[in-house]
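Those protein sequences? They're chains C, A, F, V, G and W, same order as listed. Adding 1213 to a residue's 1-based position in the first sequence gives its number in my numbering. Adding 1213 to a residue's 1-based position in the second sequence gives its number in my numbering. Adding 1213 to a residue's 1-based position in the third sequence gives its number in my numbering. Adding 1213 to a residue's 1-based position in the fourth sequence gives its number in my numbering. Adding 1213 to a residue's 1-based position in the fifth sequence gives its number in my numbering. Adding 1213 to a residue's 1-based position in the sixth sequence gives its number in my numbering.
Calculated directly from the structure, the hints in this document are not laboratory data. Given the structure is predicted, the values throughout are model-derived calculations rather than measurements. A few of these clues could be false.
[As the list claims (entries may be wrong)] Here are a few chain A residues that sit away from chain F, every Cβ distance over 10 Å (derived from the structure):
| hint | residue |
| --- | --- |
| 1 | Pro1313 |
| 2 | Thr1453 |
| 3 | Glu1456 |
| 4 | Met1497 |
| 5 | Arg1521 |
[Said to hold, decoys possible] Straight-line alpha carbon distances no greater than 25 Å define the calculated PhoX-like cross-link-like pairs of lysine-lysine that follow:
| hint | chain 1 | residue 1 | chain 2 | residue 2 |
| --- | --- | --- | --- | --- |
| 6 | F | Lys1261 | F | Lys1216 |
| 7 | W | Lys1514 | F | Lys1363 |
| 8 | F | Lys1239 | C | Lys1239 |
Glycine included, every Cβ here is placed at the ideal spot set by N, Cα and C.
There are 6 protein chains.
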Amino acid sequence: MSKIANWREGEIFSDIYLCRSKVSGKTKNGKTYYNLTLQDKTGTADGKVWDLSSGIDHFEALQYIRVEGEVQRYQNVLQLNIRRVRLAREGEYDPADYVPMSPYPIEEMYDRLLGFIRSITHPQLRALLEAFFVNDAAFAKAFKQHSAAKSVHHSFSGGLLQHTLRVTELCEDYCRKYPLIKRDLLLTGAMCHDIGKLKELSTFPANDYTDAGQLLGHIVIGMQMVAEKIAQIPGFPEVTKNELCHIILAHHGEFEFGSPKKPALLEAMALHFADNIDAKLEIMCELLSDSNAHGWLGFQKFLDTNVRRTET
Amino acid sequence: MSKIANWREGEIFSDIYLCRSKVSGKTKNGKTYYNLTLQDKTGTADGKVWDLSSGIDHFEALQYIRVEGEVQRYQNVLQLNIRRVRLAREGEYDPADYVPMSPYPIEEMYDRLLGFIRSITHPQLRALLEAFFVNDAAFAKAFKQHSAAKSVHHSFSGGLLQHTLRVTELCEDYCRKYPLIKRDLLLTGAMCHDIGKLKELSTFPANDYTDAGQLLGHIVIGMQMVAEKIAQIPGFPEVTKNELCHIILAHHGEFEFGSPKKPALLEAMALHFADNIDAKLEIMCELLSDSNAHGWLGFQKFLDTNVRRTET
Amino acid sequence: MSKIANWREGEIFSDIYLCRSKVSGKTKNGKTYYNLTLQDKTGTADGKVWDLSSGIDHFEALQYIRVEGEVQRYQNVLQLNIRRVRLAREGEYDPADYVPMSPYPIEEMYDRLLGFIRSITHPQLRALLEAFFVNDAAFAKAFKQHSAAKSVHHSFSGGLLQHTLRVTELCEDYCRKYPLIKRDLLLTGAMCHDIGKLKELSTFPANDYTDAGQLLGHIVIGMQMVAEKIAQIPGFPEVTKNELCHIILAHHGEFEFGSPKKPALLEAMALHFADNIDAKLEIMCELLSDSNAHGWLGFQKFLDTNVRRTET
Amino acid sequence: MSKIANWREGEIFSDIYLCRSKVSGKTKNGKTYYNLTLQDKTGTADGKVWDLSSGIDHFEALQYIRVEGEVQRYQNVLQLNIRRVRLAREGEYDPADYVPMSPYPIEEMYDRLLGFIRSITHPQLRALLEAFFVNDAAFAKAFKQHSAAKSVHHSFSGGLLQHTLRVTELCEDYCRKYPLIKRDLLLTGAMCHDIGKLKELSTFPANDYTDAGQLLGHIVIGMQMVAEKIAQIPGFPEVTKNELCHIILAHHGEFEFGSPKKPALLEAMALHFADNIDAKLEIMCELLSDSNAHGWLGFQKFLDTNVRRTET
Amino acid sequence: MSKIANWREGEIFSDIYLCRSKVSGKTKNGKTYYNLTLQDKTGTADGKVWDLSSGIDHFEALQYIRVEGEVQRYQNVLQLNIRRVRLAREGEYDPADYVPMSPYPIEEMYDRLLGFIRSITHPQLRALLEAFFVNDAAFAKAFKQHSAAKSVHHSFSGGLLQHTLRVTELCEDYCRKYPLIKRDLLLTGAMCHDIGKLKELSTFPANDYTDAGQLLGHIVIGMQMVAEKIAQIPGFPEVTKNELCHIILAHHGEFEFGSPKKPALLEAMALHFADNIDAKLEIMCELLSDSNAHGWLGFQKFLDTNVRRTET
Amino acid sequence: MSKIANWREGEIFSDIYLCRSKVSGKTKNGKTYYNLTLQDKTGTADGKVWDLSSGIDHFEALQYIRVEGEVQRYQNVLQLNIRRVRLAREGEYDPADYVPMSPYPIEEMYDRLLGFIRSITHPQLRALLEAFFVNDAAFAKAFKQHSAAKSVHHSFSGGLLQHTLRVTELCEDYCRKYPLIKRDLLLTGAMCHDIGKLKELSTFPANDYTDAGQLLGHIVIGMQMVAEKIAQIPGFPEVTKNELCHIILAHHGEFEFGSPKKPALLEAMALHFADNIDAKLEIMCELLSDSNAHGWLGFQKFLDTNVRRTET
């Protein structure tokens, strides 16, 4: 398969991609053309369709298509000049090949998460975690495949798991360094803090905000999922429920980032930091991992500064 | 009874008050004294106990006490110079006399709220409102007696009802002026928007933040109460549930005031305005109703400006 | 007449429009063309002139032109491919057909405003209102035709009147709910609060900022208009003049929105809220009234959030 | 006379001061005393009256009183322990001795201001300045005696003149350095920019905000004074009037400091800078001129930083 | 010795403390008294001197004094009622007993820091670290004894070392989790990031801002110390010098916290997070470690929220 | 030579320009073209190359090229339609003709700066200034040719000198008006405040941020240059060094503009104002000097407002 990340100028081939978007345009001469965004697991690229008899009418965005054309360079970026296009047939392709994936193996990450769960000694907190991650197969399956964001960072399948595991590991480090932290509470909060994203974002290939996500947000959705699960666990202490819910509500750290409460417990503060660090360092790492990233990369909105790769 | 609002300098009497707080101090000569905050429904005032043999050790804050003493003026404010004090006996007093009350009759306000409920035509929204305000006697009783705040505005018994009714009436006005508004949804949101205060604030005489209130806040608590009630109503549409929850979440209008979402629906925006207006105008009205309010009253933190009573 | 809102793809016709703007461009091949913005009371649309022999040199922006051409679709938006164009002749068109209009009848709204004036009992405030709205025919005529903004909201003829009436009605509602409000003062402030827009914005069809508007703003201009009129009313109390001027100065509520004073009187606060509510709800209603508004409409700068139409 | 700035610990004398404020207090033993703020042109100091038979009942704040007592040190600050006090008689004192004064001679400063006026060549701008500063004797007299602030900086008689002259001189410097500046316009703006303070602040000895000052502020009041005067000058160009009014409106530079417009003209920007510099440097100079100012002086609210005197 | 943390009400003893401050006051009766702040390594407490013949004139703040008196409770806080006081004699006390100390052993922490230095493989970065921490005995001695702040957090001897070690450990954790990080550069930055505090704060017992500290701040001072040391290391790469200096300059993360540059390198971002986490969690831990910390502790300025100890 | 500022539509010529940038594009028909930014000392303009056989491959950005073509108007802006292009030969052009220049003569400005230096009486401050401006020929040469910014204001050769001289003159004015200012210190600070720009920005023709400039910024770089020079001057007082360094660090006045310290000395405040005024007035003057600047010029990002030329 001609992976998008491996395209070379001048190549001619026929292959199948996910059509992420399909937009018509018009040349200055009044001729209609189409711009498609093609996607596979290695990235996205533009494809141009100039010949409207090429089959352009028979598919929509988020369908899989077979395109035939030549890779060309336009303003220093590669794109596909498409000569023919048609809807791909079931069986011709494997959807898994078209979803961006975490660079880490899913099952291995999940096993490490389960390891953390087995280390929790507080019986009700452990029961809560098992109710989600061990006993709820649908939850576990969805959790493994979900992204942690629409874009920005961890916006690939397995991203939610990768982020959750990393945040949990950072929290584990804090427990060792600051003995006042209640480990069971913090780690439970870490593992549950973003589960609301399962409902805030739709599954791949769309990976976009849901209506509930827009209206309520993953913070409140996640807290509700936790509260509902807790209601089914006998003997869950009221104060622990409130503290865990607080930790989830406060994990964005500031009102302006959508937390309705600021961290008022040591564990809430620790989780907020772990979440923020992994988000920001991941943004930076994804930026710098791009092999085209040379010199100063320009102002980065989410980092609020210009950045460059370290040369030391 | 010697109502605090009616005290006159030089009066000597014996009467019963709620002891809101009890703090010891020491004169420059090393002599211990006590400062009590006395409360009845007409207001609060300080009482000084200089003579420690007067019975000071036999009660705590939030108990009812009988005090005997003389009203004196200190830095232009009246206070009670207490000669004797003792714990009041059950039956000597009626707790209702010691709780600040809404100036409007409770049952009359509640009837008007019920009238709004009867005007709702959407079957599930009506069922939701009736589940709270009609069929849940404990909820109704608490709702009538609660305040809408610890201090600042509507911090009296019946305050939550008075504020809720006023906000509902303002929303009704908007419905008539902006026909695009969905009346059933907005009025349901108006009546439910602050029910979380039943759990955020404790009952009178304490009327202070609860632990859950500090950790979660009335916005999220209220939304959860609504979501739980909805779960028991057959056929409640998912989208209506999300919209109603959004309206409650967004009613503070801005992240910085604790709303995790900004108003994204017309009804959410309308409710936010109604809530904000009644809060701010009530603060102003409570300030200006004070018969001692003359001329410029100085910088008011919650209004972010100096204010005075209109002279026109 | 081919109203812009009713255009259909493929239609061919000849009709007259206001040319709101006229800008030349060049194709990649070096050929010059013109883009015109055409306007009638139902909206605006683009028109392209590719053939420069078509008469393009004989008119300027803000003149009325007769165009002949075909409606085409470009990136999902309709535009007119213009084959011939000429300046329209006096008598061929009625300017009133080219100005966006309030959906409410002007005279009916004005009558309701006059009704409010007749309800004012304070003799000098009533005299002030009559001096503007009853006795000054030029003022009254201009007030009925003006917009309340260049764009954003109420940017149509009658918009100033519609907004002023709505704000006055909202204030009337507040007077009934908060008896401490001085009704005569608040309603006078409401009716006068935006009269400075008569000088801040030019008349239709331009409806754009004037030089004085840019330099001074409608808040200060309006306060000066009121102060000058008051100077001609015998016995107008000094304190009432200052309070009324304050109410106008403070009606934007915050320094950052151009009010040099924050609301310090109950009536100033009430007027600010009424003004703000009608502005924000009108923005939302204008957005949602667009028949093309489906689903989430994207981030709205003036509302600082994404929005959608309510589905309940 | 025993000037307050010259008091020495242990001195005993009888002298006359302005009683700026009079507040009663009570000792821990229940004894009433009075704290007076005494003022003369060299400063203010506290005076304590412990003996209530001393004449304390026969005067109010802002009256002149004769006090007899001993200077004592309390928490490192000198105060007067007052044994006897009475209202001073007309003729016993000269009010001019009790008002803080600019360190520069008033008439000399005024002459320099008149010199600037004579250098203005634009006939109407010159006429405007003369209408205020030359032909309006009451204005001129008030302008010479007024302060530029209640406190903070230039809060002494002659302060308005001193600040206005300094700002005018700074603007003159800018005219020489930036030839694009219209000198007549800028200097007229400089001389008029704070005349609204004549109505925003009352005269000495009170020197406090007036009701109109609180409601409207000196920026708008000053612009109105200018606009009214201009109305009496034949042939004053409309655009010049608007530009001059803009310059006055914008002289605080930012919305948050009460300017309803930001500087949009070169002269408006220049005046804003001159005003800001003289205000901030004068605050700093007044701070550092205090002979007790040693080392780091602590956080200064209006400078938003800790400061110290330069040692180089 | 009667450690301050162990005082009990009613105890009478004679012991030596550091007199941190000495301030005179006056009773309402005009009697002078002194309030002393006493300090030993376990904390600080107030001492009152009512009898001025007690020796109060013979010492100043920051001297060691022997006091004799009785521990009393005043508004729920213990203080010493001092009957006699005199300057302590050399030899009577060990200054080390009067300086608050890190709870961790200094040499052990320093050894771990040296361990990190030995793990650095970049020759010039290692040389830089050794030039400070290994070869500069005066630096090493000062570094071990310094605090990391005047107050707020780590304001005890060994605090700079404790904070530096913790930040270095956190950075080491990040290196393992984010392989793109250049470990040598980040750990060098971590160990050097706060060395400017050696000159920003004076040594114990004063532990207060120096003049240079006020004027320049530890960020710029520290960067200069690094730059000067680098100038003596042959072959130190220019780009590495600039990157290291950037990392130090940017470690406060935001302009508003005194960093003249925002983190533009991955290592700069990582160091900022590590520094911020240890500061905030340490503030929280110091707060919660107080055995008097029960329930909600009230609004905490540096955490911008109310906090309480976790109860789970 | 055909100076860019003098181009007229329809002109055909062959001339040499600096090629500031070179970017390829593609027409809607798939044909590649190039857009060049041409620069001479009078300004910049676009040039289009449609014919790729014209020599486009033989040069890069920042080289000098000879172009032959015709001036055409496109969307009201002149550009060059290039028919032939080649790399210019050494000797065919004088680089000085391609660098934008200060409108003031360099040597005359430098002489005035030297005059200020000769007026400094503090021996070490004078020695410092001479070490830079008199004795360091390379520094002097660079200082004369450098800009004060990449763009925004003073972004021309001689701009650093022009800005520095103007700021020094403004400071001299302040010294005369505020006698508390230490003239030697302030003027030394003024002359040195932006010398870090010699390393923050590269020389012409590039005039762009250097790597060190991005990482450290001119404020810190400049302070280090001063500190290093001071280290070579015997007897330079420590406190003067710290005060001078503070003045440089604080000259942007606010944290958010990259100053790590706020002005804490009178001279630091004065320098900040002088720097800010010359920056802002120069931006305005450069804007208004454009002969195409008519009417309202639109929102100006660096002035945060719409502006227009004064008409009085």
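Right, here's what the structure says about each hint:
No Cβ of chain F approaches the Cβ of Pro1313/A within 10 Å, the least distance being about 19 Å, so the stated non-interface status holds. The Cβ of Thr1453/A does not lie farther than 10 Å from every Cβ of chain F; its closest approach is about 4 Å, which violates its non-interface assignment. With 10 Å as the threshold on Cβ separation, the claim that Glu1456/A sits away from chain F is violated: the shortest Cβ distance comes to roughly 5 Å. Once the 10 Å rule is applied to beta carbons, Met1497/A is inconsistent with being away from chain F; the minimum gap is 5 Å.
Its beta-carbon lying about 6 Å from the closest one in chain F, Arg1521/A breaks the requirement of being farther than 10 Å from that chain. The suggested pairing of Lys1261/F with Lys1216/F holds, with an alpha-carbon distance near 18 Å, which does not exceed 25 Å. Distance hint between Lys1514/W and Lys1363/F is fulfilled; the C-alpha atoms sit about 21 Å from each other, no more than 25 Å. Distance hint between Lys1239/F and Lys1239/C is fulfilled; the C-alpha atoms sit about 15 Å from each other, no more than 25 Å.
Violation of the numbered hints given earlier is confined to hints 2, 3, 4, 5; the remaining hints are satisfied by the structure.
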